[in-house]
Amino acid sequence: MAGLSIGGYEEALKEFSAISGKEMDSLIKRGLYKGAGIMATAVKNSVELNTSTEATGQLKASVGISRITLNKNGNWNTKIGFSGYDDKGTPNSLKAAALNSGTSRQPKTQFLDKAVRQNRSKVIRAIKDVVDPGIYELGVLRHWNANR
Amino acid sequence: MSKMLEAMIEALKSIGPPVYEGKAFKQPGQYFVYATYEGETNQVYADEAKEDAVYAGSIDYFTRVGRDPNIQKLHKALNEIGLSYSLNSRQEEKETGYIHYEWLFEIAEGE
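Protein chains in written order, with this note's numbering: chain A, 1 to 148; chain B, 1001 to 1111.
Next comes chain B alone, as it looks inside the complex:
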């Protein structure tokens, strides 16, 4: 596991709500789920050889709290470790009352 990925997981855990890998269902409250995508998502070539590769993944946060302060805590924690990430979507689940945030992150090979 890359050092940056380990740092990201620790950053998520430092915020408070439980953190799961891959998937998690029927949770009582707020929680994070992180996942890494299969294979490389981007490559850098130089002098006809591959110089670097990028691996991507997602962080999902489920909360029923409007203006949840954990969102700002997450941004601060991820910025502190220098992770490259962006907010991909925000969805409201009417049936469960959850607000679902999804961020995508990228980690360079060797990071």
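Chain A extracted, bound-state conformation:
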């Protein structure tokens, strides 16, 4: 019978532990911010494509990125949403929901769902392009400092 053994994970855990802390948090935040920026731009473009030429632009302008925070599971995350109200006092988040999911009076555009689907891979790649080299650098520096 064929067998399989996996090794090296304890060493890998030690490596990751050694580069954890403020430097790692800063690296992750930079990656998240880069990815969130790409998605926010995509959402804004999608709003513009799916609203009429007579739209005031308030919904597009309301797209923003929330502060990067640490959740209860120890993961850094951020959100993209629609803040504030338009000049008629209607919450922009409500307008976005109606535009995306439709109502009994207007068809759905799925502008938000499409933007997320079409840019998910791009955002993941952008985050990896920041975080992966950063992890390598932190690891190399740690080895260099340890062996001086």
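It should be emphasised that the hints constitute simulated quantities derived from the structure, not laboratory data. Check each hint, because a few of them may be wrong.
[Claimed, not checked] Between beta-carbon pairs, the in silico distance windows are:
#1 A/Glu23 - B/Ser1014: 54 to 62 Å
#2 B/Lys1003 - A/Thr56: 40 to 48 Å
#3 A/Ser26 - B/Lys1076: 45 to 53 Å
#4 A/Gly84 - B/Gln1091: 16 to 24 Å
Note that beta-carbon positions come from the ideal geometry of N, C-alpha and C, so glycine has one too.
For this one, chain A is given, so just place chain B on it according to the hints.
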């Protein structure tokens, strides 16, 4: 049309309220609207070739009944056919009095 999509449409029809494809406006009472998204929403690759693809869509239910029993009937019907779905949003329309539920579903190619 995939077998799963056909089964989903039949499941919606079995609940009672009218079922429409794409869009429906100015309806008098409760109703369902289903739609499928253009193109694939996800893919699975293996050995550098595409093995599978996923198509997605949405089911919208408009009702003026609070705690509408049709919601549970919908969940039961969709679970019975084995459809992968999740509740995406619930919105209240003040002007019309409708409660609008939106579920997203996914169907694997060949299902």
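Verification of the hints:
1. For the pair A/Glu23 and B/Ser1014, the beta carbons lie near 58 Å from each other, so the given range of 54 to 62 Å is met.
2. Roughly 46 Å separates the CB atoms of B/Lys1003 and A/Thr56, a value that falls within the hinted 40 to 48 Å.
3. Taken as a hint, the range 45 to 53 Å holds for the pair A/Ser26 and B/Lys1076, whose Cβ atoms sit roughly 49 Å apart.
4. A/Gly84 and B/Gln1091 have their C-beta atoms about 19 Å apart, which keeps the hinted 16 to 24 Å range intact.
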